[in-house]
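S.K.: Here the protein sequences come in this chain order: A and B.
When we follow numbering that gives the first Met the number 0, the leftmost residue of the first sequence carries the number 0, and every step to the right adds one.
When we follow numbering that gives the first Met the number 0, the leftmost residue of the second sequence carries the number 0, and every step to the right adds one.
These are calculated hints, taken from the structure and not from any lab test.
There may be inaccurate statements among the hints.
As the list claims (entries may be wrong) - Simulated DEER-style distance windows between Cβ atoms:
1) L63(A) with E136(B): 47 to 55 Å
2) G105(A) with S54(B): 51 to 59 Å
3) S8(A) with S199(B): 23 to 31 Å
Stated by the list, open to error - Which chain A residues stay away from chain B? Per the calculated CB distances, all over 10 Å, these:
4) F72
5) Q89
6) L102
7) F107
In this text, a Cβ means the ideal position worked out from N, Cα and C, and glycines have one as well.
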Amino acid sequence: MKLRPRHHSLWLAYILHRLSGLALALFLPVHFCVLALALHDAARLDGFLRFAAHPAVKLAEFGLVFLLAVHAFGGLRLIALEWLPWPGPQKTLAAAAVSMALLVAGSFLLQAH
Amino acid sequence: MPSITRTFTTTVRRGRPDGHFNETFEVPARESQTVLDVVSWIQQNIDPTLSYRFSCRVGMCGSCAMMVNGMPRWTCRTQVKKVLRNDRLEVAPLRNLPVIKDLAVDMDPFFEKWIEAEGFHHPSRSREDPIEPVSPENPGRVVADAGIECINCSVCYAACDTVTGNRDFLGPAALQRAWTLLNDVRDAARPSILEAVSRSGGCHNCHSIASCTASCPIGLDPMAAIAGLKRETALSCFRKSG
Chain A
0 MKLRPRHHSL WLAYILHRLS GLALALFLPV HFCVLALALH DAARLDGFLR FAAHPAVKLA
60 EFGLVFLLAV HAFGGLRLIA LEWLPWPGPQ KTLAAAAVSM ALLVAGSFLL QAH
Chain B
0 MPSITRTFTT TVRRGRPDGH FNETFEVPAR ESQTVLDVVS WIQQNIDPTL SYRFSCRVGM
60 CGSCAMMVNG MPRWTCRTQV KKVLRNDRLE VAPLRNLPVI KDLAVDMDPF FEKWIEAEGF
120 HHPSRSREDP IEPVSPENPG RVVADAGIEC INCSVCYAAC DTVTGNRDFL GPAALQRAWT
180 LLNDVRDAAR PSILEAVSRS GGCHNCHSIA SCTASCPIGL DPMAAIAGLK RETALSCFRK
240 SG
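Isolated chain A, as found in the complex (with noise of 0.2 Å):
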């Protein structure tokens, strides 16, 4: 039997934020990792540098953007149905989450070259 009591968009919500945070904690050690490079091997973050021009790493960073903010903006939406004395409409709030990350990781595409 299906189970059907995980339909409704706020689990979807709960799911991409538990994904986002997964993925970001995942990305996090790799970012620092790189920015080391900086103080020890110039070249080959010049190297990297050079990579991630490529236009298929930019769309791989457009996801990476739409994860950071779509996990800032649903923990916000967290934060604000725990701490103020008003439950709001959660979807509209969950969708509007989605929204603004989309905005955001879309104005990141828009203007890299």
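Mind docking chain B on chain A? Use the hints.
M.R.: Only chain B this time, still in chain A's reference frame:
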């Protein structure tokens, strides 16, 4: 008696705690038929050994909740035509509770958690004292009123993924009950309630998934009640340290 022109297939999960199996029945479709009507028809016409629980049949007692096509529902108020999928109905015992037999689950863990959450009235006056007038406009009363209509059906408890992952979690219904009492001016155990709901398995274990609110048959919002408890327990911590 109206002639039977159509039937639909109903699969019932049956068995005891040591094992279960699915049994399929062809059930005649009726006008305004509820899922409880279907289960009762099977029990009365095909297999009298089918075990299930119900009482009032009008959505007040909270006895007849079951999983219907994967969703916990109060079966006496669930119309078959609204949940039928491809002319099939799947009925199973409530999730997150131990099965006694067939569709009847053991509700003890559910109600024990109400006690653990201090979800019972702690009198502030004796019967000799005059009745305390409580204005319906009192802000605490307004908040408490939003949650007191809970019928203890356990639908929210069955829908909750946090209960599935953490058997110590008190669950939406018990925490909502604690929230209503916390806001009840007649309740004399505010510190005990705050302590009970802030322990391991308490309100801070909730992930705000909101399956409880999405599935509550009478439209209550246990997630908002749990958020209120999180807020009050955190604020009380600051007050203690301040």
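S.K.: All the hints need checking, so say for each whether the structure fits it.
M.R.: Hint check results:
no.: 1; hint: L63(A) with E136(B): 47 to 55 Å; verdict: 51 Å, holds
no.: 2; hint: G105(A) with S54(B): 51 to 59 Å; verdict: 55 Å, holds
no.: 3; hint: S8(A) with S199(B): 23 to 31 Å; verdict: 30 Å, holds
no.: 4; hint: F72; verdict: 15 Å, holds
no.: 5; hint: Q89; verdict: 6 Å, violated
no.: 6; hint: L102; verdict: 24 Å, holds
no.: 7; hint: F107; verdict: 28 Å, holds
Hint 5 from the list above is the single one not met by this structure.
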